[in-house]
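Novice: Chains as they are written, first to last, in this note's numbering: chain A, 1 to 99; chain S, 1 to 539.
No lab work stands behind these hints, which were simulated from the structure alone.
Don't take each hint at face value.
[Stated by the list, open to error] Covered by chain A, according to a simulated footprint, are these stretches of chain S (three or more residues, beta-carbon under 8 Å):
id : region
1  : 144-153
2  : 229-239
3  : 329-337
[As the list claims (entries may be wrong)] With a Cα cut of at most 25 Å, we get these calculated DSS-like pairs of lysine-lysine:
id : chain 1 : residue 1 : chain 2 : residue 2
4  : S       : LYS2      : A       : LYS72
5  : S       : LYS447    : S       : LYS508
6  : S       : LYS374    : S       : LYS179
7  : S       : LYS447    : A       : LYS9
8  : A       : LYS76     : A       : LYS9
[Claimed, not checked] For the chain A half of the interface with chain S, some residues (derived, Cβ under 10 Å), not all of them:
id : residue
9  : LYS9
10 : GLY42
11 : TRP55
12 : PRO59
13 : TRP61
14 : SER66
15 : TYR69
16 : THR73
17 : CYS82
18 : ASN85
19 : SER90
20 : ILE91
Quick reminder that beta carbons are idealized off the backbone N, C-alpha and C, glycines included.
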Amino acid sequence: MARLTADEKIQPHWWIKTISGTVLGLSLAYAIVAIFAWYGPGGISAPIKVQFNMWLITPIWLLVLSLTYLFKTGLKAIIYLCSANAVFYSIFLFLRWLS
Amino acid sequence: MKIRGDILRTYQTIHTWTGIVTGLVLFIGFYAGSLSMFEEEISQWATPSSHQLAQIPAEKFDELILKASSNFDKAQQDFTVNFTDHLSPLIWSEGGGGRGLQLEHVIRHATLSEQGELITQAHLTNELGDLIDTLHRTAGIAGKIGHEDIGVIVLGIAAMLYFIALVSGIIFLLPTLVKSFFALRTNKGANRFWLDSHNLVGIISLPFHFIIAITVVVFAFHDAFYGGLSLAYGDEPLFEQGEKSKIEHTVDQLPPIANYLKKVDELTEGYTVESMAFSGLSSSRPSVGITIINHQAMMRNSTGDFIYMNPYNFEVSFSSVKMNEEDVYTPLVASFFSLHFGGYAGDLGRWLYFIMGLLGAFLFYSGNLLWLEKRRQKQAVQTKPNRFMACLTVGVCLGSILAVVSTLLASKWFYLIGVQVNNHYLACYYVTFFAALIYTFTRGAAKSAIHILYAMGIACLLIPLTTLLTIAIPSIGLWEFKPFPSFIIEFVALVFSAVFYYGALKTKHRAYHGESNSIWALPVIKVSENISDKALSSA
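Please work from the sequences and hints to get the whole structure.
Specialist: If you want it as structure tokens, here you go:
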């Protein structure tokens, strides 16, 4: 493996990555769970499904948060996570608008 | 497997800091969680057997409920029916109950004599098992914000960091995983041994740790999660509102107990009814919570599954077992709880969870030790932050265990001298814990680790000796002699007594014969020349 220059290495940016992973990771988890809640098996009103949906939030959220540190800079973390949020919320709103 | 060096270093830093920040509270959460697997057994062990009244045949329960509710006003609204042999057939609250810790809760036990006369007696409940469970959920951090325990919130945040620590631990272990997974190098110094065992325990119990991390976050923040989820639901209600019943009933209209048992048989397969808790019988929302057990099934809790229904028309309002074929989400949700509480695989599963919990505690303790080792300097007196962290690790971890063991030991003595047991449990825990912590900071980590381990060993040894005493002097009359299974707690205490004693010896050896430039080293004062020479040559 070629040696990486200082620019190519991951920058720590602890605070900005942690905060964006926590906030944007949570909103991303909600977007994914919202799609599952309405369009996953059983639809929105299946009994006890609300509990299952609530359980889904945490693993998605924490996985996103844990992997946020892989972004090279804090700014990239924000940009990518915001885009992912935009994509999933658009899908959700589009599906809601269709039905 | 090759991973870029900067990624490894990033995640190593994350692992180190999330670990050191959360290690102490998680240590308490884990070992107390191990004990809480046997929460009910511990409470039963601590409760004098004279408190429980004799069980009655199944067909006599209706007569008992009728007689109790006509003689005692308090037994008309809420009461619990037990079918287990060693518990009173009927109990109800006399006051001091409610949510949270119930230190002053008095319940009345009732049974029928052979002639059919009502016999009752009131006792303070024993909350030892619940207190251990509370310690498990809060790490002993007291106080509330609103109706949430501060300790639960702290552990919830700690669990998030712990999840990150798990992910980062895997990432930076991956390159060396195959090479050193089962390597337990004892010949490369204590540091390497601790690291190898830390990695080994972490990897083999990884699924368990992920489950615990996720469930703890959910347990701590579910209210907030539902709040956010309601936005996604829009106008759809999150939960169906149970309808108020228009007709109000009273206890004398209650169907016979046999009907409930029949109903449970229809609804489930292979389950037996353990107890039934009736509540609000003459209110507009009457309910009965039926605890059912099937050791062959994946139960929601290690203590069983439950069905809630209206006691007058048998309408099921909530159940932790599947009620019909379309219901896919009930068993899924129940399995999350079950995986946290160890409600599958019966007693074997509970013992496995007991061991996994202790291994988890070991993971955090060894993690802290590794942190200290890594920052070690080649000088006799280590830096101030290191000494502080060493004291905190020893004081909190060992101090908390000593406090719990002392409380278990004191339990029978509290009954013998006749004090309010629950308040004294709490006092005993905190006094011992803080005494140990202060002792550690005044005497230093190296010396106090040895002393506290000795104290733990002695306290554990005294638990079975106390039981022997209550058997040897039957005139005390609080506990009757019971056959073997009830001595399991004494046996486990004896095993741990030996473990702690061995730990003390090892710690002592490290202090006097281990590396001298260490936080654990103590100056050798009275060791004769040739012993220390021998130690040097063997080291």
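Novice: Against this structure, judge whether each hint is valid.
Specialist: Here's how the hints hold up against the structure:
With 0 residues carrying a beta carbon less than 8 Å from a beta carbon of chain A, the region 144-153 of chain S misses the three-residue requirement, and the given coverage is violated. With 7 residues having a Cβ less than 8 Å from any Cβ of chain A, the region 229-239 of chain S passes the three-residue criterion, so the hint holds. Counting residues of the region 329-337 of chain S whose C-beta sits closer than 8 Å to any C-beta of chain A gives 5, which meets the bar of three, so the coverage hint holds. Between LYS2(S) and LYS72(A) the alpha-carbon distance is near 19 Å, which keeps this suggested pair within the 25 Å criterion.
Restraint check for LYS447(S) and LYS508(S): satisfied, since their Cα atoms lie roughly 8 Å apart, inside the 25 Å limit. A hinted pair counts as satisfied when its Cα atoms are at most 25 Å apart, and LYS374(S) with LYS179(S) qualifies at roughly 22 Å. A hinted pair counts as satisfied when its Cα atoms are at most 25 Å apart, and LYS447(S) with LYS9(A) does not qualify at roughly 45 Å. Only pairs whose Cα atoms come within 25 Å are accepted, and LYS76(A) paired with LYS9(A) is accepted, the gap being roughly 13 Å.
Look at LYS9(A): its Cβ gets to within about 4 Å of chain S, closer than 10 Å, so that hint holds up. Among the interface hints, the one on GLY42(A) holds; its C-beta lies about 7 Å from the nearest C-beta in chain S, closer than the 10 Å criterion. Interface hint at TRP55(A): satisfied, since its Cβ lies 6 Å from the closest Cβ of chain S, which is below the 10 Å cut-off. At about 5 Å, the closest approach between the beta carbon of PRO59(A) and any beta carbon in chain S falls short of 10 Å, and the interface hint on this residue holds.
The restraint placing TRP61(A) at the interface with chain S holds, with a minimum CB-CB distance near 8 Å, inside the 10 Å limit. With a cut of 10 Å, the hint placing SER66(A) at the interface with chain S holds, because the nearest CB-to-CB distance is about 4 Å. The closest approach between the C-beta of TYR69(A) and any C-beta of chain S is roughly 6 Å, which is under the 10 Å cut-off, so the hint is satisfied. Because the smallest distance between the Cβ of THR73(A) and any Cβ of chain S comes to about 12 Å, over 10 Å, the interface hint for this residue is violated.
Annotation: CYS82(A) was flagged as interfacial toward chain S, and the flag is violated, the nearest CB pair being 18 Å apart, outside 10 Å. Checking ASN85(A) against chain S by beta carbon gives a least distance of about 14 Å; that is not within 10 Å, so the hint is violated. With a least beta-carbon distance of about 15 Å to chain S, the hint placing SER90(A) at the interface is violated under the 10 Å criterion. Nearest Cβ of chain S to the Cβ of ILE91(A): about 13 Å, over the 10 Å cut. The hint is violated.
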